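*Asks:* Taken in order, these protein sequences are the chains called A and B. Residue numbers for the first sequence follow the numbering used here, beginning at 1 and rising by one. Residue numbers for the second sequence follow the numbering used here, beginning at 1001 and rising by one.
Keep in mind that the hints are not guaranteed to be accurate.
[To be verified] Only some residues are given here: those of chain A computed to face chain B with a beta carbon under 7 Å:
no., residue
1, Asp74
2, Arg162
3, Met220
4, Ala227
5, Gln229
6, Asp230
7, Gly232
8, Ala233
9, Asn234
10, Leu246
[Claimed, not checked] Computed list of lysine-lysine pairs in DSBU-like fashion (alpha-carbon distance at most 30 Å, straight line):
no., chain 1, residue 1, chain 2, residue 2
11, A, Lys142, B, Lys1087
12, B, Lys1132, A, Lys219
13, B, Lys1132, A, Lys142
14, A, Lys219, B, Lys1087
15, A, Lys140, B, Lys1080
16, A, Lys219, B, Lys1078
[Claimed, not checked] Partner residues are not named here, just some residues of chain B that face chain A (Cβ under 10 Å, in silico):
no., residue
17, Gly1055
18, Pro1076
19, Ala1147
20, Ala1151
21, Asn1154
22, Pro1328
What the hints contain is simulated information worked out from the structure, not anything from laboratory work. Every value quoted in this text rests on a predicted model; they were computed, and no experiment measured them. Every residue gets a Cβ at the ideal spot worked out from N, C-alpha and C, and that includes glycine.
These are the residues of each chain, in order.
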Amino acid sequence: MTGDNVSVLMIGGIALILFGFAALVFISVRRSHGFKRSFFASPYTLWMVLFTVVPVLLITYYAFTDSTGALTLDNFKNFWDSNYSVNQLYRQMGPEYEVLITRGYVNIGILVYSLWMALLCTAICLFFGYPAAYFMADRKMKFGAIIVVLFVIPMWMNFLLRTIAWMSILEDSGLINTVFHLLGLPKVQLMYNNTAVLLGMVYNFLPFMVFPIYTALTKMDYRLLEAAQDLGANPTRTFWTVTAPLSLPGVVSGITMVFMPSVTTFFIPRILGGGNTMMFGDLIENRFLFQGNWNLGSALSLVMMALILLSLGILRRVDPESEGSGIV
Amino acid sequence: MADMERLIDLQNISKEYDNTLVLEDINLYIRENEFVTLLGPSGCGKTTTLRIIGGFEHPTEGVVLFEGKDITHLPPYKRKVNTIFQKYALFPHLNVQDNIAFGQRIAKVPSAEIKKRVEKMLDLVDLRGYGKRRVDQLSGGQQQRVAIARALINEPQVLLLDEPLGALDLKLRKDMQLELKRMQRMLGITFLYVTHDQEEALTMSDTVVVMNRGRILQIGTPKDVYDEPVNSFVADFIGESNIYPGIMLEDQLVRFAGCDFPCVDKGFGHNQPVDIVIRPEDIQIVDMDAGQITGTVESVLFKGVHYEMIINAGELEFKIHSTVMQEPGTRVGLSIIPFNIHIMNPIPAENEEDMPDEIIEGDEVS
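Sequences and hints are given; from them, build the entire structure.
*Replies:* This is the structure:
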């Protein structure tokens, strides 16, 4: 039944979109006796509608229906008060979440854990990323370009590959433990814990923090720094009164670009956390693929989307001037 | 002890960028309350000189003295000078009043006092009521005024101005020239002004420093450098000039254009090659038989206050400014009184092209 619903919806949707698109092209050609400039945006618009708008609508549909297709709010109720059996996996996320999980609030527990991990990851990325970007953007620094390349090269590699590569460094017979063994030091457990997951996340998302800040800093007119110094500000004051506020748009988009994928991270916890930890992304995957509960999975996805939109809204408020132009 | 009248004293300043000499042995002092202009073509080193005084560049050789104290290596934020930058460099994240208050906040002046001073400054630069505006909502002329207010509120002993009027249109530029001069007199602040506009330099300055290729060619009052340029470069750069090679036959007699002219200069020796400089307005058009030389009017251009005529006299052309127009093709006589013939030593050939034209600095003519 569900499958039939989907295919009908899909085919209907696609037909509608194609028809609308053809009509649009027809009208624009008739009207202007030629192609309008906006016409060239239509392939992308079509793509967006097919693969973003339609799926979101489908998710919304599933989230508010049950397995028979009847309208219901049960999925969201289940989200709050999960009556699913408490899986051994979730217990091991750490004592902080034990309370929530043992009370049955598995979904909430994982959500809070995901948010906390994402916040930590974003904070660490900012802590290391800002100085890196600052160093790279320094006009006087001759190695700036080399460091930019060093940041870019790992991004040429596949995301999964990069994460798995960390395994060979951290695992019991990995690089670090081999070196420790050679030095006569005891073996350390580096994998299968929160720290390893966090490490993998920071490693993967750090460039998304560095580059927006780097761009904001390089776009800044260096004469402004001279002007600040001319007016009596020492280098520290100059940084806090001129550089920091002017790079704020870069920081905001860096935070956005790290926080969003961090919250929805999956796979990294499975590889580096060894299944001991589960993040919200993994939970959604689990509901869809292993439990086959598309309705609850969709509800979880909607909650996630709402949270991301909320955090975007808060960020925009931090830097209202950045909207549109991005950087001053 | 240094001469206390010298507020700023540059001694043997040289500056090299990547083995290119952009300043060569600059010696210059600036007195208190003086309006000094560094004048020269793009890339002559005038902006670099200003930046050395501002502390943004450090000389390769030489010392900078401020009130007799060596400040050569003092960072900009410890110097009692303020700069008005070429493109103003206003802070885009601050509004007009916060831009102006910037230096005072750094100096930890009480906020009530800052507020009072900002209002006073807004009055001074004629921007009353603009305090809350964003700087990108202002016109070029208004941004200029904010930059002036932002510098002057700190009551600097010296104000450095790096082609501050370069981005303004002619009318506004003329108004601002007078305005700046008025402020300078009123506030009693020493101005060091950089420009490539000779008219601006002559209008505003007490002292003009003519520079080219990293060297100072002449220091003098506007009248000095206009009437008595030291060489043909200065003559050509400051106002329009007719420049001819000639021979100094003896004291007070020079030959050029196939004719001997009496002049007032002496001490060049006998039969020495010299440059002869004559201002276009200093050549009289007279009757054919009354002229020292004769020529034909080639072309006439109306320039507003005067006509500019090109007169062909055999192998030489004369540019003449006169309020009386002659029809093209007319044969005329030309007469030059001895006082208006300026004799100069020719510029040695090896000095003429010994430095590249493109020199690293923000000196471009905009």
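*Asks:* Would you list, in rising numerical order, the hints stated earlier that this structure does not obey?
*Replies:* Those not satisfied are hints 1, 2, 3, 13 and 22.
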